[in-house]
Structures are given as C-alpha cells and as structure tokens.
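Chains as they are written, first to last, in numbering that gives the first Met the number 0: chain X, 0 to 390; chain P, 0 to 320.
These are calculated hints, taken from the structure and not from any lab test. Keep in mind that a hint or two might mislead.
Which stretches of chain P does chain X cover? Using the computed rule of at least three CB atoms under 8 Å from a CB of chain X, they are [unchecked claim]:
1) 56-68
2) 71-83
3) 106-119
4) 248-260
C-beta atoms are modelled at their ideal positions from N, C-alpha and C, and glycine is treated no differently.
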Amino acid sequence: MRLLGYESRPTMKSALIRVGAVAGKEFKHLLRDPRVLATVLILPVLQLLLFAYAISFDVKNVPTVVLDQDNTPASRQYVQTYRSSEFFDVLGSADDLAQVDQLFDQNRVRIAVIVPSGFARSLDSGEKAQVAVLSDGSEPTSAQLAQAYATALNASYDQQVVVEWADRQGLDLAQVGAIEPRLRTWYNPEGKSSTFLIPGLMVVIIMIVTVQQTAVTLVREREQGTGEQMTVSPLRRGELMVGKLLPWTLLAFADMLAIALVGIWVFGLPLRGGIGFLAASSVVFVFAALGLGLIISAVAPSLETANISGLLIAFLPAFLLSGFAFPLDSIPTPLQWLSYAFPGRYMVTISRGVFLKGAGFAELWPELAALAGYALVVLLASSVLYRRRST
Amino acid sequence: MNTPMNADALAVQALGLGRSFGTNRAVDGVHLTIPTGMIFGLLGPDGAGKSTLIRMLATVLAPETGDAAIFGNSVRRSPDRVIPRIGYMSQHFSMYPDLSIAENLDFFATLRGVGRAERRRRAGELMSAMGLVEFASRRARYLSGGMKQKLMLAATLMHQPDLLLLDEPTTGVDPVSRREFWRILAGLHRAGKTVLVATPYMDEAERCGYLAFLSSGRIIREGSPADIKAVVPGMLFELTTPQPRAVLAAVTGIPGVRSAHLYGDVVRVLWIGDDRGAAELTSRLLAAGVHVSAVRPARVDMEAAFAFLTESERLIEVAGL
Numbered sequence: 000m001r002l003l004g005y006e007s008r009p010t011m012k013s014a015l016i017r018v019g020a021v022a023g024k025e026f027k028h029l030l031r032d033p034r035v036l037a038t039v040l041i042l043p044v045l046q047l048l049l050f051a052y053a054i055s056f057d058v059k060n061v062p063t064v065v066l067d068q069d070n071t072p073a074s075r076q077y078v079q080t081y082r083s084s085e086f087f088d089v090l091g092s093a094d095d096l097a098q099v100d101q102l103f104d105q106n107r108v109r110i111a112v113i114v115p116s117g118f119a120r121s122l123d124s125g126e127k128a129q130v131a132v133l134s135d136g137s138e139p140t141s142a143q144l145a146q147a148y149a150t151a152l153n154a155s156y157d158q159q160v161v162v163e164w165a166d167r168q169g170l171d172l173a174q175v176g177a178i179e180p181r182l183r184t185w186y187n188p189e190g191k192s193s194t195f196l197i198p199g200l201m202v203v204i205i206m207i208v209t210v211q212q213t214a215v216t217l218v219r220e221r222e223q224g225t226g227e228q229m230t231v232s233p234l235r236r237g238e239l240m241v242g243k244l245l246p247w248t249l250l251a252f253a254d255m256l257a258i259a260l261v262g263i264w265v266f267g268l269p270l271r272g273g274i275g276f277l278a279a280s281s282v283v284f285v286f287a288a289l290g291l292g293l294i295i296s297a298v299a300p301s302l303e304t305a306n307i308s309g310l311l312i313a314f315l316p317a318f319l320l321s322g323f324a325f326p327l328d329s330i331p332t333p334l335q336w337l338s339y340a341f342p343g344r345y346m347v348t349i350s351r352g353v354f355l356k357g358a359g360f361a362e363l364w365p366e367l368a369a370l371a372g373y374a375l376v377v378l379l380a381s382s383v384l385y386r387r388r389s390t
Numbered sequence: 000m001n002t003p004m005n006a007d008a009l010a011v012q013a014l015g016l017g018r019s020f021g022t023n024r025a026v027d028g029v030h031l032t033i034p035t036g037m038i039f040g041l042l043g044p045d046g047a048g049k050s051t052l053i054r055m056l057a058t059v060l061a062p063e064t065g066d067a068a069i070f071g072n073s074v075r076r077s078p079d080r081v082i083p084r085i086g087y088m089s090q091h092f093s094m095y096p097d098l099s100i101a102e103n104l105d106f107f108a109t110l111r112g113v114g115r116a117e118r119r120r121r122a123g124e125l126m127s128a129m130g131l132v133e134f135a136s137r138r139a140r141y142l143s144g145g146m147k148q149k150l151m152l153a154a155t156l157m158h159q160p161d162l163l164l165l166d167e168p169t170t171g172v173d174p175v176s177r178r179e180f181w182r183i184l185a186g187l188h189r190a191g192k193t194v195l196v197a198t199p200y201m202d203e204a205e206r207c208g209y210l211a212f213l214s215s216g217r218i219i220r221e222g223s224p225a226d227i228k229a230v231v232p233g234m235l236f237e238l239t240t241p242q243p244r245a246v247l248a249a250v251t252g253i254p255g256v257r258s259a260h261l262y263g264d265v266v267r268v269l270w271i272g273d274d275r276g277a278a279e280l281t282s283r284l285l286a287a288g289v290h291v292s293a294v295r296p297a298r299v300d301m302e303a304a305f306a307f308l309t310e311s312e313r314l315i316e317v318a319g320l
C-alpha cells in the first residue's frame, strides 16, 4: 500500500522541504566550525584591509634632484613647479652631471630634472626650450609615472617646453608617448589605487572564500559516508546542490556587503551606479563561483586535493586573470583567452563599472549574461560529475 | 522482474548480480532469495564481496550484471520505489559528527519525507528503545562506538523501512552493546521486518534464521546455521597446550588431519580419520616431542564451519591455479 502511495510524483513541496533540510544542516556545520566561520566572516575584511594597504600603485614623493645649469629667474620658476608638486620630493640641487650620476647609483634619487643653460634665452626668443628628465628605469612604475607627471607639469607650465626624455636604464623612448595619464585618472581623479582596486578586490575575495569552502563540501560528504546515506533517500542531486549553495550564497552576499561598506566608509570608494544591478550581478557571480567549487568537490578524490585545487583555481586566476590588478589587455593572448574560463573577469568589469563609472544593465548586460551562462553550466556540470563519481 | 504477484512475499530476489572494481570481480553473479520476515546472515572472509553485494541491493552501487528485486522492484530500473522500503546501514559510521543524535535523526528522516510531528515521535521512541534519550543533544563525534552504531540503526529505522540492509553493524562494538543491538534486531524481526545482515561474528551468525557464505564474490554455501555446521566433516578436537604454535606446526603433517588452526590459546584440529582420533593425535604429538596437556572433542560450531569453508575455498583456489 505504501508502495502505491509513493508512486505519486515527488511534489514541489517535498522537494523544497528536502532543500531546506540540506540548507539548514549546512548552516549548522558552518556555525559549529569556528575555523570556517572565521574564514568566512573575518578573513574577507582582513584581506581587504591588508590588500588595500599593501597593494598600492600610488606613487608619491619620488626623491628627485634638480640640476639647474641655466640659473635664471625663468629656470628657477620652472624648477619651482617640481618643488610644489606632491609627486616629486625635490631633495636638493646638484652641481654637475657627475653628481647626478652618483645620486642615481646610490639610489638616493629616482628622478633628475636637468635644465640646460640657454633655457631662458630659448624661451625669450620663442624657440622650444629643452629640458631633460632622467628617471630610474629599474623601478618602472615610478619611472613611467614620473614621466607622465613631468609631461603634465610641463603642459600646465604655460610655456613651450619640450622635454627631452632620456632614459638611464633603457626605457624605450617610444613608450613615453604611449603613456596617457588622463586615462588612468579619468574615473579616479585623485589617482588613488585603493579606489581602483577595491571593486576588483571584492570579487577576488569572494572568489577565494566561496570556491575554497564549497570545494571541500561534497568531498566531505563522501568521506563521511553521509553522501551514501543521502543516496538512499529521495533527495535529488540538484536539490542537494541547491541546498548546499543557499547558505553560502547568503554568506558570500554578506561578505560583499561588508567589503563594499568598508570600501565606502574607510577608503572613500564612490558608489556611482545602481545598487540593485550590483546586487543582482553579485548573486549570479556567487552562484558561478560556488558552482566552480562544487565541480572541484565532485571530482576531487580527497579533502587535501580539493583544498589545493580550490586554492589554485580560486586564488591564482582571480588574482592574475580577473583584471583586478593587471589590465587584461596587457597580458599574453593565450592567457587572455584563459581568463574567459573564470568568472572573475566578468564580475570585476561589472563591479568596477557600477562603483566607478555608474554603469548599469544597459552597459554591462553582456558581462551579466556571460556570468549567468557560466553559472548554469558549472552547476549542471558539478551535478553530473558528482553522480558519475558516486556510482 | 517486477512481479506484483509475490511482490511482498520476497524481500530480496537477486539474479546474477555482479560488479567489478578494476580487475577485481567483487561480486560474481550472485543469486539470492530472501523471504519477507527473515533474519538473513551474510558470512564470508574479508574481501569476499559482502559490502559490495549489500551496497548494490541498497541502490548505492549500480550492478554491472544481473539485477535484484526488492519487494518486486528492480534496483536498476526503479530505485525510487526501492528506496522508501529499505534502510541501509553502511559498515563505516556515516552520520554527521558535528550534529547531535537528535539532529542526525531528524535530518535523514526529513530527507526521507517523514513529517515533522512524526519525526519527533519516532525519534523519541527509537531513542528511548535504544537508551539514547539522555544523549539526544550530544554530538555524534563524542559518542562511544556502541552508541554510534545505535544512532545509525535508529536513523535507518526512522522512516520505518520493511527491509534492513546492515553491513557489519556491530564491528568494533563491545560484547554488551552487541548483545543489546541484537536484542533490538530481534524485536524488529518480531515486528515482521526483514533483515539482511553481514557479520564477521560467528555468535551473531548463529542468531540468523538463514545464512549465505560468500567467498570471492560467490555464494558457496547457504542454509540454516545447522545446515552450515553440517558441512563440516569428521570430528573436531581441541588441543590444550603451552606451546600452541609448535603443536599447530606438528599436527598439520599427521594423516587424518583435515585442517588445524588456532582458536584463542587452543589448537583446533579437524579430524577426518578413524574413530581413534584423540589417541592417535596424542601419541603422534608425543612422538614429535611437543607437549599437549589435553585432547578434547569439541562441538562443531559456526567458528569451525567458517574456518572449514574459508579453508576449503582457499584449497580449491590453489588447486585451480
């Protein structure tokens, strides 16, 4: 008689009850494991603070020496523009080129501004005045920025000054023209790298937390034998996956919120776009990341393997292939292609677009669509792979 | 295989069930029939295929050959109809260590579709029947071996299955807890449940109504405990000696000795020679210079039958090579 009773197709309600049971149980696991709890709730904010302070592309107070061979009111006025800039820290004046050379060798300065004699005369006669800015190419970030800043300075100095770029350490002169400081500062006028980094950092951190944690979840069920017990129940694999994802989605969401708030309050991150679109995209992204973790979990033979693959798949691509720190246009083409295989790059674009540019669905729908497709594929794949592994 | 006529008369009917792992043929075309209401014991040495067989019947593992019907439903084609009627208890502890007894029971019963009120009632009943009530909120990680096994059995019973598939349910459990566990099984048997239990313990095998002896993936002998014991030919002697290993070595060469093995600190000898076995053994061993304090005839028990069957199976395999 019970046999007949069971033949009615599983109803939606009983499916929801099972999903709820799995989700509730996952929450209990979470709350009872202090390490996981710390990883999920405290680590992200810690990571944010560490990364945001430690990874800085801000260049300020670059030690600079001035060699004024002209020594006229005009040349002194020109040099003064460097002294009053926050970027250059003019330590003093050199007497000759030999001394400049020595200062470079001793690593005491990174920039030397050389105003040759005849500077004032050239200006007076309406010719182009020559100025040399030497930079220490062994530290490319400072060097490139120094050149960019010097260009900007010269432009603001309302005289016709042509800077003759000379490079001590073999920086390609042709590159100089390619540096466009305005591009960098367009949506970030103060040039603060934390503003630029945090929207991406948020994505990286979520990626690490979620992939790492879900990577072990199915492996653990298998190792504990509880996975087998679930097989001997009407629980469908899809229900198991959804039940496992629910608590993590909520937590990842809480993490994103915390990071965003710290970013806004502590680092002065602007939020120019719509919060609704950001939230919706975040949910899709979290599903994609969790699905990636589940795939690892479905195929990994042991907890150790799951942990390490989780780290490799979450950490490295999130860091290197998401465009969070390194522009994706500047990495080798094969790696650019590889970057499409990880959800990070789509979400970094969305996050940065919403926070910094005020972009929304109209501009970012291709990324959102890519993320949605990605999430669907990885979740289905993890479900299929888990079944294959367990029978 | 779906035969509604006798669907509930036969709890298990396996036909040619087989499964390999790599090159190892773990279960090799097993035929098995278990009538409803029986306690059926599965015996056999380690690696004989007991777990694999049970896992296939529990729909946890897909068979490669053959099929099995559980109350008339194929484990291959309609596992959804098999699952509600079975309870499967694996050899290893398979509850969540960080959930309490009550939470584990509740979780698995929820998955099984037992309603909330019913879950609470049954968990209460099972916990009190098994003496687990005072530990209800203790996390499974901190339970003793015996309590862990009882928790698993309780979880298996929450949805009131008609067939219990128990894979060495008392391994690693102290004798008192084992006896208690079997007392619970006896109660289930009286309530009309069918139990298939794999066990390495011969005293447990004696409690089963029917036994199948599995070796190298095949059932080589089945019958009641008396039938199984009857396969042992000749007489059994127990030799008490201060030097059992020396006796074991000396006794194996004697004509009339079918087999010999250590049983605790006595040597058990299966004698298939003439009626004067005791005298013959004593004089032979004296001649060999080993000291034996007593030679006593012993009753053929499950232990002896198990040793005999395992031994003869090994001889067949060696001869087959």
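Here is what the structure says about each hint:
1. With 5 residues having a beta carbon nearer than 8 Å to a beta carbon of chain X, the stretch 56-68 of chain P meets the requirement of three or more and the stated coverage holds.
2. For the stretch 71-83 of chain P, the stated coverage by chain X is satisfied: 5 residues place a CB nearer than 8 Å to a CB of that chain, which reaches the threshold of 3.
3. With 6 residues carrying a beta carbon less than 8 Å from a beta carbon of chain X, the stretch 106-119 of chain P meets the three-residue requirement, and the given coverage holds.
4. Coverage of the stretch 248-260 of chain P by chain X is violated in this model, with 0 residues showing a Cβ closer than 8 Å to a Cβ of that chain against a need of three.
When the structure is compared with the earlier hints, a violation turns up for hint 4 alone.
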